[in-house]
Amino acid sequence: MYEYDSLDRQMLADRSAEFRGQVARRLAGELSEDQFKTLRLMNGLYLQLHAYMLRVAVPYGSMNPAQLRKLAWIARTYDKGYGHFTTRTNIQFHWIKLKDTPDILDELAKVDMHAIQTSGNCIRNTTTDPYAGATAEEIDDPRVWAEAIRQWSTFHPEFSFLPRKFKIAVTGAPKDRTAARVHDIGLVLKRDRAGALGFEVIVGGGMGRTPYIGPTVREFLPANRLVSYLEAILRVYNRHGRRDNIYKARIKILVSALGVEEFGRQVEAEWERIGQDAGEGGADLPDTELARIRAAFAATGFETLPARSEAFETARAGDPAFARFVRNNVKPHKIPGYAIVEVSLKAIGETPGDATAEQMEVVADVAERYGLGDIRVTHEQNLVLPHVKLDDLPVVWAALDAAGLATPNINLVSDIIACPGLDYCALANARAIPIAQHIAETFADPDRAEEVGELKIKISGCINACGHHHVGHIGILGVDKKGEEFYQLTLGGSGAEDASLGTILGPALPYDRVAGAVDTLVEVYLRERKDGERFLDTFRRTGVAPFKEAVYADAH
Amino acid sequence: MKALTANRLSDGDVVFWKSGQWVERFADAELWADDDPDAAEAEAAGRSQPTVVIDAYLIDLVESEGLWAPLSYRERIRALGPTNHLHHGKQAEGGAVVQALQHAHGAARSTGRVNLIKRK
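So the sequence lines, in the order shown, correspond to chains G and Z.
Going by the working numbering, the first sequence opens with residue 275, and the numbers climb by one from there.
Going by the working numbering, the second sequence opens with residue 1378, and the numbers climb by one from there.
It should be emphasised that the hints constitute simulated quantities derived from the structure, not laboratory data.
Among these hints, one or two may not hold up.
[Claimed, not checked] As a list, the in silico BS3-like pairs of lysine-lysine whose alpha-carbon atoms are at most 27 Å apart: (1) G:Lys522 - G:Lys311; (2) G:Lys464 - G:Lys449; (3) G:Lys755 - G:Lys522; (4) Z:Lys1395 - G:Lys449; (5) G:Lys822 - G:Lys755; (6) G:Lys371 - Z:Lys1395.
[Said to hold, decoys possible] Label-pair distances were calculated between CB atoms; the ranges are: (7) Z:Asp1412 - G:Gly757: 18 to 24 Å; (8) G:Ala543 - Z:Arg1424: 49 to 55 Å; (9) G:Gly295 - Z:Asp1412: 45 to 51 Å; (10) Z:Gly1443 - G:Glu724: 46 to 52 Å.
Given the structure is predicted, the values throughout are model-derived calculations rather than measurements.
Glycine included, C-beta positions come from ideal geometry on N, C-alpha and C.
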């Protein structure tokens, strides 16, 4: 894993001290709320319905056991004993006091953590594949490039006040676990015919009020030219992105307005100018620096093991519950004798993405003892232990299961993304969490959930789409109808490599009809599906008609 | 009927106005008839305390089980706490007023919503 150097640590110390002074000035009345709001947002601090919310960065979703233990300690000391992992692979605490925040930032800095780039109109935390460095599918380790982006983008003076927030995803595998095509910039690592490493560059995807699947602006960008090309994109956006209308300020609106060809032409022209201005040294990270970053992610600590583990096979054959966990939560690793383990934060009836302090400590302990000290956060609000020996899987499962972290439901109907919604968020129109809980309880029978197969339900409490509803196989959007909570369902969305936006099913449904409607949709799918079809495949073949007819049957 | 609410600056807690002071429980809040000019006076007084609270605003109330409850769902959640953790927030202490809020019906966009969005 990448470790901060003295410059990084000094930067965090300075930032924390600066914010301590700003908080003191606000409490003393020397700063108005309008003046202070921008400053607190630059440190991840929001004011929500019940308290302040602090969003802590987990850069590219990667952390070590000491960091997770620190988050647990903060949850216990300054919050109500839990934290909420987000779709940006960060964690947020919902019951924070303003007066405690400087101390919290100091504590985070002790383990090289912070709240930088978790809010405000800057380049936010980069999303990568949670299986990075572990999956055989990947062409290159995306963390190398995400770290390069972190170093380039943090406090970049030119890009600290963009028209709007800016989100980048990097996937190193063709199977996209980052939702790259609905990011401001999606980067897909690939090799050209000569074997050279590069990126497909996708620009102008996004969700929110105006969703877009991002178009490809460049089919192949040589990998070592990444930073200068990103700079060119950001410059064109900074120059032409709209600042007069918050709803039209994201880069997706600019790309759509200019057209992808004209936008690409302007980026290429800017890129050429950047190259000329940079002179002999170039505008990209030197190869020596890239090599230094790459070395930090080198695979270390792995043992040479047989591909087959007798201990694992015996446990799987003898314990149906363990076998179910393996079927759903364990994924193949590129190194023989190892596996990737998904830690579910979607226990039936619990809040999606929430982890208690005790659960965080269990994951930290398991990662330290059995997982080479590596922990990942997924954009689907789960955790991943990317490097676990097959031999150790039974004991890892037992430890996770005892802590309520082994629900065997990854990618199944109860593995639901939900934003905090109206239970916490000042922007929300409707609750998202209880809807997720009702749906999960409807499909609590694990046999039925497995029979249904892959089904991604994503719920947002407002049009800002923090719950990614546009790209849910079933998307659920909370709306306000004359002050009451209603929910608009969309079908057929996908945030994966086959990205698509959902189609509206019909009129919005009241709160107490949503879980039943999802049950009906699943029944239609089971009736209509052909061999091997996922819910998404069946929907794409049949269209919306049979689903709509079933859900609104009683309206006829 | 109306009540005056805000979030406390130092910790973000939801507070309500009572006779020139900010209190934490909706049960203790001062209530005014819709046409009572004292409500607007209290709002002005609350807004003049920027080092104590953020964005004081009046909310509309509705009768529930013989008591008064915020009309909008958003304001009921603010006065109670999140519905996914019933032991978190002000609802944890229970009591008749909390129950009345939990059972209240009524629908309206929050009168304070614009301010809530602006301050995020």
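Comparing the hints with the structure gives:
no.	hint	verdict
1	G:Lys522 - G:Lys311	holds, 22 Å
2	G:Lys464 - G:Lys449	holds, 12 Å
3	G:Lys755 - G:Lys522	holds, 24 Å
4	Z:Lys1395 - G:Lys449	violated, 58 Å
5	G:Lys822 - G:Lys755	holds, 21 Å
6	G:Lys371 - Z:Lys1395	holds, 23 Å
7	Z:Asp1412 - G:Gly757: 18 to 24 Å	holds, 22 Å
8	G:Ala543 - Z:Arg1424: 49 to 55 Å	holds, 51 Å
9	G:Gly295 - Z:Asp1412: 45 to 51 Å	holds, 46 Å
10	Z:Gly1443 - G:Glu724: 46 to 52 Å	holds, 50 Å
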